[in-house]
Amino acid sequence: EAQVTQNPRYLITVTGKKLTVTCSQNMNHEYMSWYRQDPGLGLRQIYYSMNVEVTDKGDVPEGYKVSRKEKRNFPLILESPSPNQTSLYFCASSLNPRELDIQYFGAGTRLSVL
Amino acid sequence: DAKTTQPPSMDCAEGRAANLPCNHSTISGNEYVYWYRQIHSQGPQYIIHGLKNNETNEMASLIITEDRKSSTLILPHATLRDTAVYYCIVRVLSGGTSYGKLTFGQGTILTVHP
Chain C
10 EAQVTQNPRY LITVTGKKLT VTCSQNMNHE YMSWYRQDPG LGLRQIYYSM NVEVTDKGDV
70 PEGYKVSRKE KRNFPLILES PSPNQTSLYF CASSLNPREL DIQYFGAGTR LSVL
Chain R
15 DAKTTQPPSM DCAEGRAANL PCNHSTISGN EYVYWYRQIH SQGPQYIIHG LKNNETNEMA
75 SLIITEDRKS STLILPHATL RDTAVYYCIV RVLSGGTSYG KLTFGQGTIL TVHP
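Chains C and R, in that order, give the protein sequences. Residues in the first sequence are numbered consecutively from 10, following this note's numbering. Residues in the second sequence are numbered consecutively from 15, following this note's numbering.
It cannot be assumed that every hint is accurate.
Ranges between beta-carbon positions, derived for each pair [said to hold, decoys possible]:
1) C:T24 - R:N44: 22 to 28 Å
2) R:M73 - C:K26: 37 to 43 Å
3) R:M73 - C:K27: 37 to 43 Å
4) R:S55 - C:K80: 27 to 33 Å
5) C:G25 - R:S39: 45 to 51 Å
6) C:D47 - R:K66: 31 to 37 Å
7) R:H127 - C:E79: 41 to 47 Å
8) C:V23 - R:G119: 32 to 38 Å
9) R:Q59 - C:K80: 48 to 54 Å
10) R:N68 - C:T24: 47 to 53 Å
11) C:R119 - R:H91: 29 to 35 Å
12) C:L123 - R:K17: 32 to 38 Å
Hint data in this document are derived by calculation from the structure and do not stem from the laboratory. The beta-carbon is built from N, C-alpha and C at its ideal position, and this holds for glycine as well.
Isolated chain C (complex conformation) (with noise of 0.2 Å):
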């Protein structure tokens, strides 16, 4: 089955102590990327990766990193997590977004940060 996985589902964390949140999809996409949601905000995109070792920074970008070292992967990384980073994060892919532009998204990661 077509899908994109995200692990963990829920998380909680205390301010500072670095975290990563994995994303991989089984499609062969070339595009990855991260949105959070907040209440009111709507979902604004991280990161987003073009292929294998190219990505660039979305809207808001900052306290995040993020890592595409194989196709299937492409991992969120919070060196030092904040309160302001809880949020609704979800991890999308695309096989081309100059083409055919349907994104696939994963279930969602609940991240609390104390």
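Chain C is already provided as a structure; the job is to place chain R on it using the hints.
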């Protein structure tokens, strides 16, 4: 990408057609209209997209006006499972700083009732 305007909420009776409007009066000639939905904090789900012509798939129909300034998503026989937030998004299939980025507005909360 062009801005969209959607009603904040709509109701629909189960089994009836749900018609969700979207205004995109500043759309340019190369921008597509996409519809996604999000069911209660799950990952957004692609529904349908189009450029000029009306489109239909197994989930819904998309009617785009001749001047392309507005569109309507039609769920022909709404069920309780169609209760969700529906997002209308317009974007180009190209590179640049908006590469792959979906700009989600506030969407329309559709409630399907028995």
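Structure-based check of all given hints:
1. C:T24 - R:N44: 22 to 28 Å: Distance hint for T24 (chain C), N44 (chain R) is violated at roughly 45 Å.
2. R:M73 - C:K26: 37 to 43 Å: 42 Å, holds
3. R:M73 - C:K27: 37 to 43 Å: 40 Å, holds
4. R:S55 - C:K80: 27 to 33 Å: Roughly 28 Å apart at Cβ, these two residues keep to the hinted range, so it holds.
5. C:G25 - R:S39: 45 to 51 Å: 47 Å, holds
6. C:D47 - R:K66: 31 to 37 Å: Distance hint for D47 (chain C), K66 (chain R) holds at roughly 35 Å.
7. R:H127 - C:E79: 41 to 47 Å: 46 Å, holds
8. C:V23 - R:G119: 32 to 38 Å: Check passed, 34 Å falls within 32 to 38 Å.
9. R:Q59 - C:K80: 48 to 54 Å: 23 Å, violated
10. R:N68 - C:T24: 47 to 53 Å: This hint holds: roughly 51 Å between Cβ atoms.
11. C:R119 - R:H91: 29 to 35 Å: 33 Å, holds
12. C:L123 - R:K17: 32 to 38 Å: For L123 (chain C) and K17 (chain R) the Cβ distance comes to about 37 Å; the hint holds.
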